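*Asks:* Here is how the chains run, residue by residue.
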Amino acid sequence: MVYTLCLLLFMIGLYGVLTQKNLIKIIIGLGIMEYAVNMLLIMVGYRHDGIVPILDRAMPLDEFLARAVDPLPQAMVLTAIVINVAVLALSIAIAMRLYQKYGTYDITEIRQLRG
Amino acid sequence: MTGMTVIVKTITRWTAALIFLYGAYLVLYGHLSVGGGFAGGIILACSYVIMILAYGGKETIHALPKAVAARLDSIGALAFLILASLGMFGGFFFSNWIRDIWPGQQFRVFSAGIIPLANIAIALKVCVSLFLIFFILASLRMTRKGDKIEFRSEEVD
Amino acid sequence: MVTQLLTFLLIFMIIAALKALMTPRLLSAAISLGAVGLGVSFVFLLLRAPDAAIPHIVVEILVLLLLIRAAIRREVKTVSGQRDIFGAAVAAVLLLLLLALIVPVFSEDLSFGAQPVWAVTNPQVELASAHYLSRGLSETGSANIVTAVLLAYRGYDTLGEATVLFAAILGALVLLRPRARKPLEEK
Amino acid sequence: MMNQMHFLLPLAIAIPLGMGFILPLLGRKFTRLADVLANLTTASLVVLSVLLLISNVQLGKPAVYWFGGWQITASGTIFGINLVLDGLSALMITLVAVVSFAATLFSSRYMDQYTARGKYYGLFMLMITGMNGCILTGDVFNLYVFLEIAAVSSYALVAFGCERDELEAAFKYLILGCVASTFVLLGVVLLYAQFGALNMAQLGQRIASVEPTRGSILALLLLLSGLGVKAALVPFHAWLPDAHPSAPAPISAMLSGVLIKAIGVYAIIRVIFNVYGFTDQLGMTLMILGTLSMVVGVVLALNQWDFKRLLAYHSISQIGYVVLAIGLGTPLGILAGLFHLANHAIFKSLLFLSAGAVQYRTGTRQLDEMGGLAQRMPSTSRSCLVASMSIAGVPPFNGFFSKLLIIIACVQAGRWGFAIWAVIVSILTMASFMKVQKYAFYGKLKEKWAQIREVPLVMRYSMILLAVLCLAMSLLIVPGISAAVLEPARDALHQGVKGYQEAILVLLGSGG
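Chains as they are written, first to last, in the numbering used here: chain W, 1 to 115; chain G, 116 to 272; chain V, 273 to 459; chain S, 460 to 971.
Treat the hints as calculated values from the structure; they're not laboratory data.
A few of these clues could be false.
[Claimed, not checked] Label pairs and their computed distance ranges (CB to CB):
{"#": "1", "chain 1": "G", "residue 1": "Met203", "chain 2": "S", "residue 2": "Thr744", "range": "42 to 52 Å"}
{"#": "2", "chain 1": "G", "residue 1": "Val183", "chain 2": "V", "residue 2": "Ala372", "range": "26 to 36 Å"}
{"#": "3", "chain 1": "W", "residue 1": "Asp62", "chain 2": "S", "residue 2": "Ala697", "range": "28 to 38 Å"}
{"#": "4", "chain 1": "W", "residue 1": "Thr4", "chain 2": "G", "residue 2": "Met203", "range": "40 to 50 Å"}
{"#": "5", "chain 1": "V", "residue 1": "Ala360", "chain 2": "S", "residue 2": "Gly736", "range": "25 to 35 Å"}
{"#": "6", "chain 1": "S", "residue 1": "Val853", "chain 2": "G", "residue 2": "Val183", "range": "51 to 61 Å"}
Here the structure is a predicted model, which means the values were calculated and not measured.
We put the CB at the ideal spot given by N, CA and C, even for glycine.
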C-alpha cells in the first residue's frame, strides 16, 4: 500500500513534467518525482519496529543489530538529496535566464528550435 | 534587496548565531550522533540565508563576498579530495590512515580519524555552495525596460 | 501504527502534489511543493532516518525560498494560456498504465519493513548493511553508522556528490554571468 | 611493474577532478594559464590511459581497485566501492582522453569568443571526471552519481553561450536528462530492495542465482529506458538534435563523440552483458532499437541545412549502428560494434570541430550560406573531407572497415534484414555528406567569404590530429593490433557475467 502511494506520487510528478506548460511548474513536477524516489529508498531500508542506526553506549550490540534500520539507503538518500538540490538550482538558473530572454515562463512561447 | 525593520534585524542576529552554533555542533559531533557534514553544512548555510533575507544582499555581501565564496567553494571541495588522496599513505584512496596511527577511544570526538575532518570539509563545501546558490539566484535583478529585460547581479566579476 | 501514519502522510502529500500541479497561481504551486517536501521530512523521521530528515527539511526550505524569491517575484503570477486537454488525457492514461505495470512488482514482491527479498531466501549470506551495522563502529570509529557509510565505506560516492553540487554552482555562476560573449580580437 | 599499474586507476578520476576544482579559481587575468593547465591535464590523461591500456593487455585479466581498502570479506560480502579496469573500460577511457585532448586544444583559441574561461574548463574537467567515473565504476549507485556529474556539467556547458536557442536546448536537455536519471535511480532502488547489494558483480551473481523475477526485469527496463535517454536511442532521442548543436563546438565534439557513449551506450552494454547476462530477447531489443535509431536519424538528417544539426542527427544514426552490432551478441558483432564506437568518437568529434572552425570564421552554421570555403580554409576543408569519408564509409578510412564488419557480422548471424538496412543507411549517409562537402567547401566561393582566413594554428593542429587518427584507426583491423585493443574489450563483454564476476568475486580474495 505505501509503495503504491509513493509510486502514485512519482507518477504525478512525471505527469507534471510531461504536461505542464510553465517552466516553474515543470521544475516543480521534477521536484515531486525526486522526492518520491527518495522516500521509496528510505521505505526500502525500513525494518519493522526499527531504531535509528546510531550506536550509543547503553545499547547492546545484538539488540542494535536486530533492530536497526538499514543505514545504506539513508546514506544513498543523503547523496540523492544533494544531487537533487543541485539539479533544481541549475534548472532554476536556466529558467531565469530564459525568462530574461523571452519575458515569459510559458514553454509554448519559447520555441526557436525545430526540425 | 534592502533589509527589513530593526526588530527583525536584531532578532535575526541572535537567531543566526544560534543556528550557526547548532550547525557547528552537528558538524563536529556528526560521527557520534545525528547530523554530519551535510546536515551541519546546510544549517550553516541557513544562518547566512536568513541574514540575506533580513539584511538584504548588500550588507551580507560584506560578510562573505561572492568571489570569496566561490573560492571557498573550490577550496572545500579540494580539501575533501586532498583528504581522500592522502589516504594513499594508508595504501588506498579514502583509507582512514589517521585512525591507523591514532585510534582514539570509541564514542569520543577524536576517535574516527579522517571522518571528523571530512565532515568539516564537506560542511564547508555544502555551506558555501548553498549560500552561493541562494545568493546568486535570489540577488539577481531583472528590470523591464520597454521590451527588453535588463539583467544583472549585484556584483560583476 | 507506522504504516497507518505513513499512509496518512502519503495521501496528504499526493493531495499537495496535485494541488501544486493544478493551481494556476505559481506562488501557491511553490508552497504546495513545500508542503510535499515537509511531508517527505516527516516520513524520513517516521522511518528512523533523522540523518536524512534534517538536511531534507533545510534543503526544502532553501528550494522553496529560491522558487519564491527567484521565480515568483516576477510579473508573471499565474499560468496563462489554455491547456492541451487531449495531450494531458493521453499522458494521464499512459502513466496510469505504467503505474499498473509497476505497482504489482513493488506491492507484491517487496514487503514493507522486511529484509531484501533475496536475503530472506539466503539467510546464510551477510548483507553489506549487516556488515555496516555490526562492524561499523570498530572499523571506522564512527558511532553514527550513516556517517560511517557516507564518509568511510562509500566516501567515494560522497566525493562524487559534492562534485555534482560544485558543478551545479559553477553552472549557475556561468549561466548568470552578465556578458557571455565578447568580440574576437585578431592577433 | 606493469601489473602494479592498476594503482594508477583512481588517478583517472582524481586528476580531472582536482583540476576541475582548481581551474575555476583562475580569473580573467589567467586565461592563457587556464588553457595551458587544461591541455596539460588532458595530455596527462592520454598518457595515463595509454599506460592503463598497455597494463591491461599485459595483465590479461581485469584489475580491480577498492576504495579505502574495503575489500570483499571472506564470507563474500562486498561493502566498499570498486573500480574495474578491463579491456572495454580501458578502450573507453582512452577514447575519452584522446577526444578531450583534441577538444581542449581546439578550445584554447575557439573559446576566445566567450567569457569565463576558467569556469568553462572547470566544467569541462568535471564532465571528463563524470565519464571516467562511469566507465571505471563497478557499483550501480556510484554509476548513478557519476552519471549525474557528467550530465549536470554538460547541461551547463550546453547553455554556455547564454543565447536564446542555447538556453532552450539546455532546459529541454536538463528536464529529459533528469527524468532519465530518476528512472535510473528508481531501477537501482528496485535492485537494492530485492538483492540487498549495489556492486555490479554481486548483483549479477544474485540475479543469476534466482529465476528471473518480475522485479529484476522491471529494474532492467527502468535502467534501460533511463540510460537509453542518455544514449539518445530513437524513441528517446528528442533532446539530442537541440542540445548537441547548441553547445560550443568543442563541447559538441565531446557530447557527440564520447558523452553519449560513455554514459549511455557503455552503461547499457555493461548492465546487459555483465550484470544481467545477454539473452536473445535483449539482443533483439537492442537490434530493433539500433535499427530504428539508424534509419530515423539518417532520414531526419537528409533535409537539414544547419551544419551542426545535421551532424547531430547523424550521431543518432551512427549510435544505431553500434547498438545494432552489439545486439547481435556474436563475437564478431560485438567487435564490430566496439570498433565502430571508437571510430565514431574520432570522426564525429572531428566533424563537429570542423563545423566549429567554419562557424568561428564565417559566423554561420547554415550550409546554403557557405560555399567554396575550401579555397580559403584548406586545412579545415581537408580534415573535414577525411572525416566525411570516414563516416560515409569510404575506404581506406576507419569508418569503412567498421561498417563492413558490422554488415558481415549481420550476415554471419543470419540477420539479412538488418544487414540490408545497414547498407541502405550507409548509402544515405554518404549522400548526406556529399551534400555537406558540396555546399560548404566546394563550389563557387561566395563574395562575402572572400576575406576570411584559415583558423588559428592550435585549432588546425587539433583537427589534423584527429584526421590522422581517422586514417590510423583503420589499422585496428590488422589482427595483431586488434588483439591488443579491440579483442580484450570484446572479451570483456563476450565472457559475460561469468568472466566479470570471476574477476571481482574470486580473484580479489587474494589481493588487489
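*Asks:* Which numbered hints does this structure break?
*Replies:* Numbers 2, 3 and 5 - these are the hints that the structure violates, sorted from lowest upward.
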